[in-house]
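Work out the full structure, taking the sequences as your base and the hints as a guide.
So the sequence shown is residues 142 to 492, counted in the working numbering.
No lab work stands behind these hints: they were computed from the structure.
Among the clues, some could well be false.
List of simulated lysine-lysine pairs, DSS-like, C-alpha gap at most 25 Å [to be verified]:
| # | residue 1 | residue 2 |
| --- | --- | --- |
| 1 | Lys457 | Lys380 |
| 2 | Lys367 | Lys319 |
| 3 | Lys388 | Lys444 |
| 4 | Lys236 | Lys249 |
| 5 | Lys389 | Lys444 |
| 6 | Lys444 | Lys376 |
| 7 | Lys444 | Lys457 |
| 8 | Lys479 | Lys249 |
| 9 | Lys479 | Lys444 |
| 10 | Lys412 | Lys380 |
| 11 | Lys319 | Lys380 |
Computed spacing ranges between beta-carbons, pair by pair [claimed, not checked]:
| # | residue 1 | residue 2 | range |
| --- | --- | --- | --- |
| 12 | Lys380 | Pro354 | 56 to 62 Å |
| 13 | Ile333 | Arg465 | 48 to 54 Å |
| 14 | Asn463 | Pro210 | 26 to 32 Å |
| 15 | Lys380 | Gly432 | 23 to 29 Å |
C-beta: ideal position from N, C-alpha, C; glycine also.
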Amino acid sequence: MRKQPIQRWKKITAIMHVVNVHCIISGCFGLSLNNGNGNGNGNNYNNNGEVPRQTTRNIATQILQGTGPSAVDLNTYNLPLEVIEEGYCAAYVQKNVDREEGIYLGAKDEQNHYVDVESYSIPRRLNEGMGIELMEVAGGRNDGVGITLVSGLLEDGPAEFSGLMPGDSIVEVSLVRKTRNKSQAFYEQEQIFSVRTECLSYDATVAAILSLPECEDNCTDSFLVKVKRLRRRAKVRVKLQYPPEQKKPDEFIELRAGENLRQGMLVRGVKLNDPLAQRFDTKSGGNCGAGGLCRTCSVCVTKGSDLLNPQRVAEKQMLCDNPRWRLACKAIVGYGMKEGEMTVQVNPNQW
142 MRKQPIQRWK KITAIMHVVN VHCIISGCFG LSLNNGNGNG NGNNYNNNGE VPRQTTRNIA
202 TQILQGTGPS AVDLNTYNLP LEVIEEGYCA AYVQKNVDRE EGIYLGAKDE QNHYVDVESY
262 SIPRRLNEGM GIELMEVAGG RNDGVGITLV SGLLEDGPAE FSGLMPGDSI VEVSLVRKTR
322 NKSQAFYEQE QIFSVRTECL SYDATVAAIL SLPECEDNCT DSFLVKVKRL RRRAKVRVKL
382 QYPPEQKKPD EFIELRAGEN LRQGMLVRGV KLNDPLAQRF DTKSGGNCGA GGLCRTCSVC
442 VTKGSDLLNP QRVAEKQMLC DNPRWRLACK AIVGYGMKEG EMTVQVNPNQ W
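In structure tokens, the structure reads:
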């Protein structure tokens, strides 16, 4: 149950010119930090380096494919605010090649949720704030660490139609300032001032935003607000059919978008490698261990092939005689972050 707003009139007065914030405190206090990678899902980032997606453990396929560009509106996977309030965690991350040492926001339920990254531009109005309402859902520490979320957008405020949503966590705010030189009418200088607000308490978040430069004459300012957004993972329901001679009933498994088909089937107990299949490279038995050099993990996709990543040239050549077949080790489920149903025939050489 959401608690009533705690009125901090002094604080509201102090920040009216920047952000128009009120504070709601709701549970989860005594925030503890986890060790982790900070992206909330235990997987690598996609090609743009920001949006975490679940990908296969096969490194070659992971680098080449991933979930690819989104083919759907990702807001379809947004979660209710009451779920978001309980769904975040903070993780301490040591410095690595991808990021600096620090505390990063992630998803508690990595199996079903992931953290996305979005950026929105908000115009700066003279003597007016951004029109964002904030609430602190985790904190109670002396070091300013916490989890602060957007709780609402003020009507007719600058941020009303920005794209920000309740449940977003502001991780960085940049002030983009454009200054026109009076003596050179066509010369415009741009400056950017940024503050990091990820995993900060309400007070620390407000203090960080207040540290940005105030309005100046002959300047046009706008805010670039980067947020993390908790979303549910897209899922694909896969119907498995076995060769008639095996006399096994059809069964269903559920895979998350970005999972490798072979890996997903194996970890769910599906025996995949076909003893009748011959390797493409040596024309003998045995498998290549998901290297994409043989056809022993081939499956026949009779429904939902559009939910898989496009075939690469080598796979097309290996399976040119069977256009509905796929190498399971090279097939990424839910490509484009799509959901749906698939029907897959296991061990197609035995049909």
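Status of the hints after comparison with the structure:
no.	hint	in the structure
1	Lys457 / Lys380	holds (24 Å)
2	Lys367 / Lys319	holds (19 Å)
3	Lys388 / Lys444	holds (21 Å)
4	Lys236 / Lys249	holds (22 Å)
5	Lys389 / Lys444	holds (20 Å)
6	Lys444 / Lys376	holds (16 Å)
7	Lys444 / Lys457	holds (18 Å)
8	Lys479 / Lys249	holds (23 Å)
9	Lys479 / Lys444	holds (14 Å)
10	Lys412 / Lys380	holds (15 Å)
11	Lys319 / Lys380	violated (56 Å)
12	Lys380 / Pro354: 56 to 62 Å	holds (59 Å)
13	Ile333 / Arg465: 48 to 54 Å	holds (51 Å)
14	Asn463 / Pro210: 26 to 32 Å	holds (28 Å)
15	Lys380 / Gly432: 23 to 29 Å	holds (27 Å)
Checked against the numbered hints above, the structure breaks only hint 11 and satisfies the rest.
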